[in-house]
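*Asks:* Sequence:
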Amino acid sequence: MDPRSQVLLRQMALFGGKILLAGLPADDLLGRLPAASGWSWHAGEQQQLVSRFGDERCRFATEAPEAPFEAGVLFLPKSRELAEFLLQSLAARLDGGLLYLVGEKRAGIERAAKHLALYGKPSKLDSARHCQLWQVRIERPPQVPALTNVARRFTLELADGPLHIVSLPGVFSHGRLDAGSALLLGQLDDLPEGRLLDFGCGAGIIGCALKRRYPHSELLLQDVDAFALESSRLTLAANGLHGQLIGADGIDAAPKELAAIISNPPFHQGVHTDYRATERLLTQATQHLRPRGELRLVANTFLQYPSLIEAHVGPCTVLDEGQGFRVYRAKRS
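Here our numbering = 1-based position in the sequence shown + 6.
Worth flagging that the hints you see were computed from the coordinates, not collected in a lab. Ideal placement from N, C-alpha and C gives every residue a C-beta, glycine not left out. Mixed in with the good hints, there may be bad ones.
Below, in silico cross-link-like pairs of lysine-lysine (DSS-like), each with a Cα-Cα straight-line distance of 30 Å or less [as the list claims (entries may be wrong)]: (1) Lys337 / Lys262; (2) Lys127 / Lys111; (3) Lys111 / Lys130.
Estimated spans, in silico, between C-beta atoms of each pair [claimed, not checked]: (4) Gly246 / Arg286: 22 to 28 Å; (5) Gly200 / Gln17: 26 to 32 Å; (6) Ser57 / Asp196: 39 to 45 Å; (7) Glu316 / Gly167: 23 to 29 Å; (8) Arg298 / Asp258: 58 to 64 Å; (9) Asp101 / Pro261: 42 to 48 Å; (10) Gln149 / Ala243: 21 to 27 Å.
Sequences and hints are given; from them, build the entire structure.
*Replies:* In structure tokens, the structure reads:
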């Protein structure tokens, strides 16, 4: 069981009622707290929770469920701005109620707990398993925050015109163009026409550039994170473009017969580094590419991806390199 869940269960008497567990891990916590419900924005964890407890116990969304709850628990996310948005969202629904914050010390739980003072007088209830549990009774409930009000908007001046980006808290490279995506944007020529998948779409930068470059191709944008998917939806709308959003953890959920998979793949999960999603992409890409379909991705130069690409997709070439990144290209053999 996740150590954060273990800390909660040390104080199990506090959590017997209608508790909303926000950002909960995919463990047995819902099973141990039968009156609790979950709110997840991670598609992989949501899928595991639904398979065990049913979709009525956990919601996948960027907004809290409408059903009333007596208290809320936020499992501290990696992003400070996302944590502040989520705390405000929960506190707005808990006038006079209790809000709990749990997280790892290495994730900055003590710093995040200071934000609870906006709503009342916080207190630390427990410290164990390298985690802490904090509590505050909501004496000063805030207004329900609008997600679009906490978005960062910026414009990229591309060769075919300005591209307007809407980035939400918690999304990769929030509010700016990262070096890897910048390199990949310069290497989108000569892709085959057909279904194009932006894998790990984030704020939708690559996907929108693709749709403008190849307007007759069907665009699919996939990400594990609900806030990333909403960012991509807003970015598409800001540019008058259309694409299909897929919320899923891993390439397994992608359609077959893709003309190309284009990706600046993620390799972080919370505060921990995790390359499994990218490694699955490289080893399983041919199951989703049509014959002569293409894989094109950008990655840090220190990652040993070319050998995986050559073993599972086809001959790998480097299209560009800079600032510690390389753009790789391979066609299904």
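*Asks:* Against this structure, judge whether each hint is valid.
*Replies:* Comparing the hints with the structure gives:
1. Lys337 / Lys262: holds, 15 Å
2. Lys127 / Lys111: Since the Cα atoms of Lys127 and Lys111 sit roughly 20 Å apart, the hinted pair holds (cutoff 30 Å).
3. Lys111 / Lys130: holds, 13 Å
4. Gly246 / Arg286: 22 to 28 Å: Roughly 34 Å apart at Cβ, these two residues miss the hinted range, so it is violated.
5. Gly200 / Gln17: 26 to 32 Å: violated, 54 Å
6. Ser57 / Asp196: 39 to 45 Å: Hint holds: Cβ distance 41 Å, inside 39 to 45 Å.
7. Glu316 / Gly167: 23 to 29 Å: violated, 37 Å
8. Arg298 / Asp258: 58 to 64 Å: Hint violated: Cβ distance 22 Å, outside 58 to 64 Å.
9. Asp101 / Pro261: 42 to 48 Å: holds, 45 Å
10. Gln149 / Ala243: 21 to 27 Å: holds, 25 Å
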